[in-house]
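K.L.:
Listed below, chain by chain, are the residues.
Number of protein chains: 2
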Amino acid sequence: MAEKNVKVGLAGFGTVGCGVAKLILEEADSIAVKTGLRLQLACVVDVDTQSPRPVKLPDGILTDDLSRLLDNDTISIGVELVGGTGAARDIQLKMLQAGKDVVTANKALLAEHGNELYKAARENDRCIAFEASCAGGIPIVSGIRSGLTANNISAMYGIVNGTCNCILSNMTAKDVDFSEALAEAQSKGYAEADPTLDINGNDSAHKLAILASIAFGYEITLDDIFVEGIEAISKDDIRYGGEMGYVLKLLAIGQKDRNNRISLRVHPSFIAKDNSLARVDGPFNAVSIFGSSVGQVMYYGRGAGMMPTASAVVTDIIDVALGNSATTFRHLHVRPRSETESLIEKIGDTVSRFYIRLMVKDQPGGVAKFSKVLGDQQISLSGVLQHEGTGPDNTVPVVIATHPAQQKNVTAALKEVEKLEVIGGRPVCIRIVDIPEDKEA
Amino acid sequence: MAEKNVKVGLAGFGTVGCGVAKLILEEADSIAVKTGLRLQLACVVDVDTQSPRPVKLPDGILTDDLSRLLDNDTISIGVELVGGTGAARDIQLKMLQAGKDVVTANKALLAEHGNELYKAARENDRCIAFEASCAGGIPIVSGIRSGLTANNISAMYGIVNGTCNCILSNMTAKDVDFSEALAEAQSKGYAEADPTLDINGNDSAHKLAILASIAFGYEITLDDIFVEGIEAISKDDIRYGGEMGYVLKLLAIGQKDRNNRISLRVHPSFIAKDNSLARVDGPFNAVSIFGSSVGQVMYYGRGAGMMPTASAVVTDIIDVALGNSATTFRHLHVRPRSETESLIEKIGDTVSRFYIRLMVKDQPGGVAKFSKVLGDQQISLSGVLQHEGTGPDNTVPVVIATHPAQQKNVTAALKEVEKLEVIGGRPVCIRIVDIPEDKEA
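Protein sequence lines, in the order shown, are assigned to chains E and A.
Start counting the first sequence at 1; every next residue gets the next number (the working numbering).
Start counting the second sequence at 442; every next residue gets the next number (the working numbering).
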């Protein structure tokens, strides 16, 4: 079979851009043998054309002029790796208008402006492929879109931010504080100099918006997702939770019940130690998905990094060039916003178990007092552990695990508990997530 | 967008066939919403049209006459779920000649006659889709073919037979004999009445032939694969290996080195307890794949069963109807047999570590004697554990872990060791597989 030439234009020559250029330049032969497609890097656009990069481009293809990419009609695929939601949006729209299919890793942009961009793609009879936007090199987007089409997906639980997972893994393994674990992640290159978007949970929310849209088939926006980060997590709570059999992870959770009520949340979550996600450590990502026919499926791998992410980008380039992305893009539907809004469950209405730590003054009757307040809100306790060690004002940590309770009742109860004379400081409240692991029947 | 009708003909109305019929009948609406395709079950063929089944078909579509499927030109997709390598081969060929694309879960047939069938498909400008042939509901075939195209895959390690995994998990957890664990697996429906193909490793070899062909891009046949089953495994060795930090799994292993030497093996394997595959228990399957860019990716889920397998079949039907399967089938190449043969590494040449158990007569100098024989074959020991307990002829079990050694040297050495007067019975030899887990950098 004759080889088909595929000319690719790359916008954004940072870390992932370098990885993509490297893969296209070095693996063109082996990709041609496997697929019959000869990928050619025709143009690389970046505002910075001077800084040294770890990949050597052919002469003359690096430019700061986007029009050289847009106006080159032999380029059929535009890869946007600029990042962010400003210039990147403009670049993707221009690529689509110039008749190019778009491949991107930009989760923030898709989560915030995806529907505008998908619409623009359809109007121009083009497609947008975004495997690299979620969980790096793990083929999770195609796994859901093409691999589980025969299933109604009822739930997904994902560790989709490697920075947070490094920090929490470190805090767990070494009993160190958040700040120390963050510093170590930064020194290893697993956390940005400004890690805000990662640790506040927003990066995970971006990925959840994308994955939940395709898994559940509804147009989901960031506003639908409750987000809580890991900045306030203390090593004490990780240790106490560990004593109760739990591991702390930042989970991105999407659940759809039989009435199509959709719950979307990113928050620190205690999960059972023997759950498969509990053993996903360091920079790795994993997503467990529950399908109506397939049961549980889990995908695991590196969720970030130059080459893993480049792997997903180049895989998408191939899929676009083969024509598969266009077919998938054209055929897979999400229900519009008007149908979605009323289905999203408010965070106050969600039911979960809770880990609660109170600093209780070491005096008789303390436990009885806060137990009553919790009971008044229909919150019953499944376990209480009083720990040794003292906090401020001669308090001791008392850790509670609750039976399933509604979030709003817990919030109201803790407001009351905080006012009790026997309680020192603010209660700590972390959700316990019972992932319904698909067990041997 | 208008719905497109897709008429499906099903040959084989057994367990998986019932699952596929059920899915098509019950999920047609939701699949239509998601994909724009309306699947219609037009014809179900089985020699047995009388036995009760757990799914009710529309009147008049069940028949024992294959020609009703073949001659119906409105049926574009034929699903072969007859199983085996006799009638099934004939049915697939006839479906292709009748102009139908084929979807199948038949790993034995593809492993033995795949290349003939793929050729017939190409000659008739049709495709064969076989996601369901490997690892049940886990989308592993598309994961490799479409999800990792940008990678050179260097190795795959799979737990791809749920029956063996149930048996070994049970022997490990409950310290029971093989026969007892097999009986329990049978009582739970995880092992067939005749489990031969599963426990002798051949079913895993079928799957490895299929997965390795697409992962490495070479035409691989069953003859290329060394196969050893789990029938002879004793609970003692599982326990002794456990004391040394290993868990026993039946692994399907494919490795390709830098010179394209390909090693393909199915055998009981001791793997490190903290490896992700070590925690895959019971009827679950998992495959770890190592790609040049992506690093390690692992897929996990149910590898068998009516609905998980049906999920993969229906996913394939959708993929075929969308046209994606045809594109993938047309574009993905494997190098022909003539190029493959010389690259396959003979089992004697493979290098591995080994777990060896010898029953040594409890007398001075025993260990020195067999150590010398091993040393003469360049086999050095990384650990020796003498266990309490006695075997026949007043022997005690001595367990050895070796450093990496060539299989043929180990085989030769053990032949000599067996002749030693201090050794009672035959040595037990199980490979220790060091899966190069992609660790935090």
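FYI, nobody ran anything at the bench for these hints, they're computed from the structure.
Every value quoted in this text rests on a predicted model; they were computed, and no experiment measured them.
C-beta: ideal position from N, C-alpha, C; glycine also.
Don't take each hint at face value.
Claimed, not checked - Restraint ranges, calculated between C-beta atoms of paired labels, are given here: (1) E:S371 / A:H828: 34 to 42 Å; (2) E:Q406 / A:D616: 43 to 51 Å; (3) A:K860 / E:G189: 38 to 46 Å; (4) A:L466 / E:R426: 25 to 33 Å; (5) E:D71 / A:R771: 49 to 57 Å; (6) A:P877 / E:K369: 50 to 58 Å.
K.L.:
Hint by hint, where does the structure go against what was stated? Just the numbers, ascending.
P.N.:
1, 3, 4, 5
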